[in-house]
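K.L.:
Listed here are the chains, written in short residue letters.
Protein chains: 2
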Amino acid sequence: MSRWEPNARGRLEQAALDLYRERGFEQTTAAQIAERAGLTERTFFRHYADKREVLFGGSQLLEGLFVDTLAGTPDTVAPIDAIASTLEAVAAFFVERHEYARQRQAVITANAELRERELIKLASLSAALADTLRRRGVGEPAASLTAEAGIAVFKVGFERWVADDGGRGLAEFLRESLDELRTVAAGR
Amino acid sequence: MSRWEPNARGRLEQAALDLYRERGFEQTTAAQIAERAGLTERTFFRHYADKREVLFGGSQLLEGLFVDTLAGTPDTVAPIDAIASTLEAVAAFFVERHEYARQRQAVITANAELRERELIKLASLSAALADTLRRRGVGEPAASLTAEAGIAVFKVGFERWVADDGGRGLAEFLRESLDELRTVAAGR
Chain F
-11 MSRWEPNARG RLEQAALDLY RERGFEQTTA AQIAERAGLT ERTFFRHYAD
39 KREVLFGGSQ LLEGLFVDTL AGTPDTVAPI DAIASTLEAV AAFFVERHEY
89 ARQRQAVITA NAELRERELI KLASLSAALA DTLRRRGVGE PAASLTAEAG
139 IAVFKVGFER WVADDGGRGL AEFLRESLDE LRTVAAGR
Chain C
-11 MSRWEPNARG RLEQAALDLY RERGFEQTTA AQIAERAGLT ERTFFRHYAD
39 KREVLFGGSQ LLEGLFVDTL AGTPDTVAPI DAIASTLEAV AAFFVERHEY
89 ARQRQAVITA NAELRERELI KLASLSAALA DTLRRRGVGE PAASLTAEAG
139 IAVFKVGFER WVADDGGRGL AEFLRESLDE LRTVAAGR
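These protein sequences, in sequence, are chains F and C.
Just so you know, the numbering used here puts 40 at position 52 of the first sequence, and the rest follows in order with no gaps.
Just so you know, the numbering used here puts 65 at position 77 of the second sequence, and the rest follows in order with no gaps.
Treat the hints with caution; some may be incorrect.
As the list claims (entries may be wrong) - Selected chain C positions facing chain F (in silico; Cβ < 10 Å):
(1) Gly12
(2) Glu23
(3) Leu27
(4) Leu102
(5) Arg103
(6) Arg105
(7) Arg124
(8) Gly125
(9) Pro129
(10) Glu136
(11) Ala137
(12) Val150
Bear in mind the hints are in silico, worked out from the structure with no lab data behind them.
Keep in mind that this is a model prediction, so the values were computed, not measured.
Glycine included, each C-beta is placed from N, C-alpha and C at the ideal position.
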């Protein structure tokens, strides 16, 4: 990059979120996002492939956090307990981000294309977790089912946290969600 | 419809699947599918919105089967057991369809757009199951988690059945998958 553009990604992300909330996702262009962020359209496309991707800039980081944390738990820990520790680490990542998460979720919920992209993100996360579990020696179908269960817990807990007033942390919602899954699976 | 076109949907579906396997999804047009099926392009678009939808013509039927079976189980049955009965009924729907399912899955796996559409189908199924459970009086987050767990079991069991030689029925794979989820959730 030739020009000094401090935190260009963060500025584009916030500008995109503001415009999507004001005008809707469909009605916003990459050029408008760049303008609002005080950057050029060229800068926009240096950072993001299209206007959908702006809201998913953190996905790779989140996947890395999931995978690294899971890979770092001792092999002697049961897979579901390793997932529980992983969710604790992931929750820490979202501390102080409730308001942003709430705004982002509202924009995603309102648009089919963004909902699809969110599903792809979660499917990719699940595949990465299953892969990590297999490398830890977990067989199939246990690895895939543990990964799918972990992502289900994350999805449901995250949605409840976002819908809440922000008084309780994500970690609490994820723990509650995992406990509920255990109860449900036990047939109670 | 003005002309008599016996089993037009089935013919279009089979023609599409054959062409996607021969040439790839990207390289096939709706007109070519219609031609292969001995029908007009206009007939194609009377039945399907686009070439992606041809492989998802059974989704509504499948969702109806899931929902009706689940809604029909007695309220006294634990949610996860109601899901188990539902999966048995769903498995019966796929008897004699292993070869078709195998071919369809191979086409979907090879194309990102089709994989996305499959994710949307599964998310829609999960939402419909959660809704049905709530109407049965199951609270949240139990309803959403049971639904997500049920779809995870279906997805993993289905993929294993498709990858197998067809000697064992889908019901067996779904049962095995649900048992494994219970074991995993119990932390064993």
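K.L.:
So, as I understand it, the hint says C/Ala137 touches chain F; can you test that by seeing if any CB pair is closer than 10 Å?
P.N.:
holds, 6 Å
K.L.:
Can C/Arg103 be said to touch chain F, with a Cβ gap under 10 Å?
P.N.:
holds, 8 Å
K.L.:
Is the hint on C/Leu27 kept, meaning its closest Cβ partner in chain F is under 10 Å away?
P.N.:
violated, 29 Å
K.L.:
A closest beta-carbon separation below 10 Å is what the hint needs, so does C/Arg105 meet it against chain F?
P.N.:
At about 9 Å, which falls below the 10 Å cut-off, the nearest Cβ of chain F leaves the hint on C/Arg105 intact, so it holds.
K.L.:
Let me know if the C-beta of C/Pro129 comes in closer than 10 Å to any C-beta of chain F, holds or violated.
P.N.:
Status holds, d = 5 Å.
K.L.:
Quick check on C/Arg124 please, does its C-beta sit within 10 Å of some C-beta on chain F?
P.N.:
violated, 14 Å
K.L.:
Hold the hint about C/Gly125 up to the distance rule: shortest CB distance to chain F must be less than 10 Å.
P.N.:
violated, 14 Å
K.L.:
Using the nearest Cβ pair, does C/Glu23 come within less than 10 Å of chain F?
P.N.:
Hint on C/Glu23: violated, closest Cβ of chain F at ~31 Å, above 10 Å.
K.L.:
Would the stated hint for C/Gly12 survive a check requiring a Cβ distance to chain F of less than 10 Å?
P.N.:
violated, 21 Å
K.L.:
Taking the closest Cβ pair, is C/Val150 under 10 Å from chain F?
P.N.:
violated, 13 Å
K.L.:
Please check whether C/Leu102 passes as an interface residue: C-beta within 10 Å of a C-beta belonging to chain F.
P.N.:
violated, 12 Å
K.L.:
Hold the hint about C/Glu136 up to the distance rule: shortest CB distance to chain F must be less than 10 Å.
P.N.:
C/Glu136 check passes; min Cβ-Cβ to chain F is 4 Å, inside 10 Å.
In this structure, the earlier hints numbered 1, 2, 3, 4, 7, 8 and 12 are contradicted, and the remaining ones agree with it.
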